[in-house]
Every structure is written in structure tokens, then in C-alpha cells.
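Undergrad: The residues making up each chain are set out below.
2 protein chains.
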Amino acid sequence: MSIKPWKVLSRKRDKSYRIFNLRTDRACSPRTGRAYDFFILESSPWVNIIPLTDKNEVVMVRQYRHGIQDITLEIPGGIIEGEETPEDTAIRELCEETGYRTTSELISLGMVYPNPAIQQNICYSFLAKGAYLAGKQHLDEMEDIETILLPLSDIPRFIREGDISHSLVLVAFYRLFIEYEMKMGHVDPHLPNRGTIGGD
Amino acid sequence: MSIKPWKVLSRKRDKSYRIFNLRTDRACSPRTGRAYDFFILESSPWVNIIPLTDKNEVVMVRQYRHGIQDITLEIPGGIIEGEETPEDTAIRELCEETGYRTTSELISLGMVYPNPAIQQNICYSFLAKGAYLAGKQHLDEMEDIETILLPLSDIPRFIREGDISHSLVLVAFYRLFIEYEMKMGHVDPHLPNRGTIGGD
Numbered sequence: 001m002s003i004k005p006w007k008v009l010s011r012k013r014d015k016s017y018r019i020f021n022l023r024t025d026r027a028c029s030p031r032t033g034r035a036y037d038f039f040i041l042e043s044s045p046w047v048n049i050i051p052l053t054d055k056n057e058v059v060m061v062r063q064y065r066h067g068i069q070d071i072t073l074e075i076p077g078g079i080i081e082g083e084e085t086p087e088d089t090a091i092r093e094l095c096e097e098t099g100y101r102t103t104s105e106l107i108s109l110g111m112v113y114p115n116p117a118i119q120q121n122i123c124y125s126f127l128a129k130g131a132y133l134a135g136k137q138h139l140d141e142m143e144d145i146e147t148i149l150l151p152l153s154d155i156p157r158f159i160r161e162g163d164i165s166h167s168l169v170l171v172a173f174y175r176l177f178i179e180y181e182m183k184m185g186h187v188d189p190h191l192p193n194r195g196t197i198g199g200d
Numbered sequence: 001m002s003i004k005p006w007k008v009l010s011r012k013r014d015k016s017y018r019i020f021n022l023r024t025d026r027a028c029s030p031r032t033g034r035a036y037d038f039f040i041l042e043s044s045p046w047v048n049i050i051p052l053t054d055k056n057e058v059v060m061v062r063q064y065r066h067g068i069q070d071i072t073l074e075i076p077g078g079i080i081e082g083e084e085t086p087e088d089t090a091i092r093e094l095c096e097e098t099g100y101r102t103t104s105e106l107i108s109l110g111m112v113y114p115n116p117a118i119q120q121n122i123c124y125s126f127l128a129k130g131a132y133l134a135g136k137q138h139l140d141e142m143e144d145i146e147t148i149l150l151p152l153s154d155i156p157r158f159i160r161e162g163d164i165s166h167s168l169v170l171v172a173f174y175r176l177f178i179e180y181e182m183k184m185g186h187v188d189p190h191l192p193n194r195g196t197i198g199g200d
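Protein chains in written order, with this note's numbering: chain A, 1 to 200; chain B, 1 to 200.
In isolation and in its complexed conformation, chain A is listed as follows:
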């Protein structure tokens, strides 16, 4: 069996919900020839950033998330606005949410699909070394965010114990650990750049 994409017969934008739009596609199965409705969330790409200080601490954020009506422990991130590049968004969100800036170029940790079944968008992850506190947070009215520094070597334990539970935050750290081929809990404190993923 070879898998083929479905043919889209019609497309209708239903309603806007501030950070996403609901779209209904009618598409036809190449296997059965029958048509079905698909409901898709359209939104701009998302960006997450792992800011790392010279002491190998991650600048993390505690914030209220209304989906689960609870406080989460995450890395900074947000939605690409206007003509921003993913790197622009990462640097802007880092500054707005934490007041931190970074001394070095961002290092790409790749992209993933948050949910390819019902979302069309992608999420980029970045590493920023040399993060330092440069000023105050600039939060919008719907954001309550607290900055917290955690040793990078403790991250796998926080994930394992459920303290870090946002799927896209796990993805960023997994990509970081894969890039540096680090054994969990045994992190090289100097984090040399690998040649294949660009340097700073």
C-alpha cells in the first residue's frame, strides 16, 4: 500500500478565535473516493527558545495557561507576528517575557508540527547561549509571567517528575539533547557547538 494525499474539494474559513481561525475542508479519499469534512486550526508559526546563561542555567517562565487552568513551567516563546523571522520572534519573546537578552547568535533546534492532524502550523525551537538579564519584562495584559533559573542538568528530572509537561517544551529540550548527543543528566557544561548546526 502506498499512502497518497487527499484531494481538497472545497475550503471554507468558519470563524476567527483571536490566535487561530477555524477552517473546514471537504476532501476526497484517494483510496475510497469518498469525501469527508476536515476541521483545521489555522495559526501563524510558533517559536520556542531555550535561553542558557554562562552558568549553564535555563531561563524559564512560570505562567498561567487557561487551557488547563493551571500554572505551567515553560521556556519563553510565542507566535510569529507580521514580517518577523522565527529568530526575530524568539529574541522578542525572550526579551518581553523575561527581560533577558543574549550575547550570541541563535542556534536552530529544528521544527516540528504541533499537531499535523488538526493544525497546519509549525513550531521552531532555538538555543540561545550567553543569556543575561538586560532589563524589565514587557508583559501584555493577559500575561502573568515569573522568570526562574534552572540548571540545564536538572531538566530531564523535571520532565520525568512531571514539573515540565508542555509537549513543545519537551520537544525543544529533546532536540537540544539530540544535537549535543548528551547523556541525560550528564551535560557538558561548556556545550560546544556542533559544526553541523551552526555556531555563535
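Relax, there's no trap hidden among the hints.
Intra- or inter-copy, both count: the list cannot distinguish identical chains.
Derived pair list, reagent style DSBU-like, types lysine-lysine, alpha-carbon separation capped at 30 Å:
#1 K129 / K55
#2 K136 / K55
#3 K7 / K136
#4 K4 / K136
Treat the hints as calculated values from the structure; they're not laboratory data.
Starting from the known structure of chain A, fit chain B onto it as the hints suggest.
TA: Chain B only, in chain A's frame:
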């Protein structure tokens, strides 16, 4: 600053979209006292399963995903139905999507929030050792799924090269690698159970 949950003032279910419902909450910021609308996708919990054969190969699935209108490489999984436990769902989806069954108890790889900003649901991950082909697939009309066996030790490379790009699939493998404290690409072929996460 200490982060507090927001108080929900009203809640309204807008519309049903087959695998999720759209809900609008009006909630009040404990910091500013102002009220805002939040748009939440309600759905049942999701389950993903890493089926591992006695040869340390992962039973993976290639399928069409309409959100990105492309073919993805994933592990089996799906939505909890009716009174199912997460384990029931994992075993059912494995069988329906691949025809594989498993000789051993499932091992929990924890839970994550797919997106705590706009979704209330959680996603469970499991490892199933001793996976074996027991019969045919049982696909529904909207599913075109092809089974493919991949060595577990190749998974980090497939992720790094972008061939595996579904965030919740990365999460399951990351939790597996954390649980077994495996160095990327250097996987113990016998995968002994750790005492702390239950045995088979």
C-alpha cells in the same frame, strides 16, 4: 510576583467539530481585575504507544494528515473512547492501525499537555515490548495507514533529520530515552525495565 489562576466568570460551548468542541470562557485576571475571552479546544485525552519488537524495532505508521496535507511518520495512537483506560486505547489503536499485539504489560512513559494555552486535554505515552504481528489492520474509512519497522537506535537520527516531526511522537521517544537514561544512538538492545516505572 506570584502567579495565580484566573477566575472563570462564564463558560459557553460554541460548536462541535467531530474530534473537538470549541468553548469560550470569560475569565478575570487576578493581577489587573480585567476580564478577557479565552477560546479552548475541548477533546478527550490522546494516547500514543511505542511498540517495540523483540529485535528492538519500533512499529511505526505512515499516514496522511490533513492539517499539513502531507504524509507523516508516527507511532500508533488515538483518542480515548467511552470508558476506555489509556492502556485500553493504546492496545486498541495498536491493533487497529497495525495489526500488531504485544506480549507484555504496557509501561507508562508519563503524560504531557499537547497545548495548555488552548487545549484542556492530556496525552499519555506508553512503551509496549514484545510487539508481534497478530493479524490485519482494521482501519476506518478516513484512515490510510502503512506499517513500517524501524530500529530504535535510528530514531534520534530520523528526528534530527526531520523525518519524524510530530511533536507528540518526539515527546514519547524523549520520555522513553529519559526513562532508560540512554545516550542518543547508543541504546541497550535488551531495554531492561527500571524499577521505578513498573515491569512487565
